[in-house]
Amino acid sequence: DAGITQSPRHKVTETGTPVTLRCHQTENHRYMYWYRQDPGHGLRLIHYSYGVKDTDKGEVSDGYSVSRSKTEDFLLTLESATSSQTSVYFCAISEGQPSNYGYTFGSGTRLTVV
Amino acid sequence: DAKTTQPNSMESNEEEPVHLPCNHSTISGTDYIHWYRQLPSQGPEYVIHGLTSNVNNRMASLAIAEDRKSSTLILHRATLRDAAVYYCILPLAGGGADGLTFGKGTHLIIQP
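So the sequences go chain by chain: U and Y. Okay, so the first sequence: first residue is 1 according to the working numbering, each after it adds one. Okay, so the second sequence: first residue is 1001 according to the working numbering, each after it adds one.
To be clear, the hints were calculated from the coordinates, so they are not data collected in a lab. All figures in this text were calculated on a predicted structure; none of them were measured in a lab. Take the hints with a grain of salt, since some may be wrong.
As a list, the in silico DSBU-like pairs of lysine-lysine whose alpha-carbon atoms are at most 35 Å apart [stated by the list, open to error]:
id: 1; chain 1: U; residue 1: K53; chain 2: U; residue 2: K70
id: 2; chain 1: U; residue 1: K11; chain 2: Y; residue 2: K1069
id: 3; chain 1: Y; residue 1: K1069; chain 2: Y; residue 2: K1104
id: 4; chain 1: U; residue 1: K70; chain 2: U; residue 2: K11
id: 5; chain 1: Y; residue 1: K1003; chain 2: U; residue 2: K53
id: 6; chain 1: U; residue 1: K11; chain 2: Y; residue 2: K1104
id: 7; chain 1: U; residue 1: K57; chain 2: U; residue 2: K70
id: 8; chain 1: Y; residue 1: K1104; chain 2: Y; residue 2: K1003
id: 9; chain 1: U; residue 1: K57; chain 2: Y; residue 2: K1104
id: 10; chain 1: U; residue 1: K53; chain 2: Y; residue 2: K1104
id: 11; chain 1: Y; residue 1: K1069; chain 2: U; residue 2: K70
id: 12; chain 1: Y; residue 1: K1003; chain 2: Y; residue 2: K1069
id: 13; chain 1: U; residue 1: K53; chain 2: Y; residue 2: K1069
id: 14; chain 1: U; residue 1: K53; chain 2: U; residue 2: K11
id: 15; chain 1: U; residue 1: K11; chain 2: U; residue 2: K57
Pair ranges (Cβ atoms, derived) [as the list claims (entries may be wrong)]:
id: 16; chain 1: Y; residue 1: S1053; chain 2: U; residue 2: T15; range: 39 to 47 Å
id: 17; chain 1: U; residue 1: E95; chain 2: Y; residue 2: Q1042; range: 41 to 49 Å
id: 18; chain 1: U; residue 1: E95; chain 2: Y; residue 2: S1053; range: 37 to 45 Å
id: 19; chain 1: Y; residue 1: R1081; chain 2: U; residue 2: T86; range: 25 to 33 Å
id: 20; chain 1: U; residue 1: T82; chain 2: Y; residue 2: H1107; range: 24 to 32 Å
id: 21; chain 1: Y; residue 1: K1104; chain 2: U; residue 2: G51; range: 30 to 38 Å
Some chain Y residues judged to face chain U by a derived CB distance under 8 Å, without partners named [as the list claims (entries may be wrong)]:
id: 22; residue: P1040
id: 23; residue: Q1042
id: 24; residue: Y1046
id: 25; residue: G1103
Note that the Cβ used here is the ideal one computed from N, Cα and C, for glycine as well.
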């Protein structure tokens, strides 16, 4: 998607290892989000950021941490990966509060924890 | 939080109009109604959003009921590439930075 890239696109990791997913944007948008998508659950918010060094928890934040040291990058870390964290992870950005501006989503990262 | 109700799935024929309904009876006066779609193996994609009056863009039209308790996404001439899951979304209570909540959406099937 234009202006937002996620890396890696696919990753397989072992249980207990730390994993970091990266979301990079070139739109200079203030708001950034991490979602996970699982069959039967739809999209669920993990963490979000409303500015550099300003982050907050979403609905399913346990086992995840985030960091945003500059506007363009929002990192999601699985501190000790578990099989329940096997999922597709989507990053989203918003120019303003999403209730008014909406989102642009990245293409996703498919993570498998074995 | 304001919730939406959508049919689990709908089927339509190629080159015909598609009307995707959404009920949101607990909507507040300042909530925008958002629609996104998700094609297979892709991230969700913005379609359209509106507050009160009907809205049009190159992808679709959004018809909002006068009492705002329901809305309809209209695809004027469906193509096979419109086969996707369509999400009707309202913001979390009070709006704010924590964004939009996605339900399960409507799986739209387009028959050739």
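Practice task
Identify every previously stated hint that the structure contradicts and give their numbers, smallest first.
Solution key: Hints 2, 11, 13, 16, 17, 18 and 22 are the ones this structure does not satisfy, whereas the remaining hints hold.
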